[in-house]
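The whole structure should be built from the sequences, with the hints applied where relevant.
Just so we're aligned: 194 in full-length UniProt numbering is position 194 of the sequence shown, and the numbers increase by one with no gaps anywhere.
Errors might be hidden in some of the hints.
To be verified - Label-pair distances were calculated between CB atoms; the ranges are: (1) 52 - 176: 37 to 43 Å; (2) 67 - 159: 24 to 30 Å; (3) 220 - 90: 32 to 38 Å; (4) 128 - 49: 28 to 34 Å.
Note that these hints are calculated values from the structure, not bench results.
For glycine and all other residues, C-beta sits at the position ideal for the given N, C-alpha and C.
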Amino acid sequence: MISAPFHLAGERLALDPAGTLFWPAQRLLAVADLHLEKGSHFAARGQMVPPFDTRDTLSRLQPLLRRYTPQHIVFLGDSFHDSGGSARMQLADRALLAELLTGRRVTWVLGNHDPAPPVGLPGEAVETLRLGPLVFRHQGIPDAASGFELSGHFHPKASMPTRCGPVTRPCFLADARRILLPAFGSYTGGLEITAPPVAALFPRGGRAFLLGRERLFSFAVGPMRHLALAARPVATTSIG
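Printed below as a string of structure tokens:
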């Protein structure tokens with residue numbers, strides 16, 4: 001895979017086609033919205049879906065940890081689909097996750113689906129993490145004074161024209177102040193970047209990076225001020 005370099009607050013970051021972000025200077029890997037145990041959440045409510053989402057999500061995370069060998073992993077919220085998700089994990093999945101986290105600093109940024117830290121797993125739980133010039137939080141704040149921000153929550157996706165018609169894919173969305181990460185979980189939908197809650201974060205537009213099999217596909221996004229006006233209050237929006 002070929003990652004795309006992106007500079008934020010003077011820091012060189014790498015956007016990976018799998019949907020994660022690596023900060024080489026800090027040996028830090030950020031990943032958003034795993035929504036682990038979403039399948040078992042729905043099964044408990046009588047909506048039977050294949051119960052393999054957690055295993056699939058972790059199996060896609062595993063090679064990224066081998067590739068980047070991060071010392072610090074930051075999960076940007078909604079890592080589990082609900083507060084009881086960590087307790088419902090199958091033993092094999094829990095063992096795999098514990099193995100992936102062993103020997104690393106782990107930060108669980110709390111989200112709207114998981115407002116409490118996972119039970120029985122290593123790491124610290126925080127509402128917001130500040131490292132150097134960067135701020136890590138689950139849901140972005142549409143305020144330029146809030147710092148240089150990395151966030152998730154909205155599961156951004158975008159459409160790109162091709163000779164065979166438009167292609168819609170999960171994406172990063174970035175500008176000079178923030179990067180919005182795509183959802184990493186196997187059972188996660190997406191919100192178009194033109195939706196008002198996303199536009200509120202990027203009223204002046206930015207650049208979208210669509211996830212591809214081996215690389216990212218980038219294009220400029222024009223100003224979205226007119227869409228941003230319809231976005232308040234952002235805090236009521238819930239995805240996934």
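Taking the hints in turn, this is what the structure says about them:
1. 52 - 176: 37 to 43 Å: holds (40 Å)
2. 67 - 159: 24 to 30 Å: holds (28 Å)
3. 220 - 90: 32 to 38 Å: violated (44 Å)
4. 128 - 49: 28 to 34 Å: holds (33 Å)
Hint 3 from the earlier list is the only one contradicted by this structure; the remaining hints agree with it.
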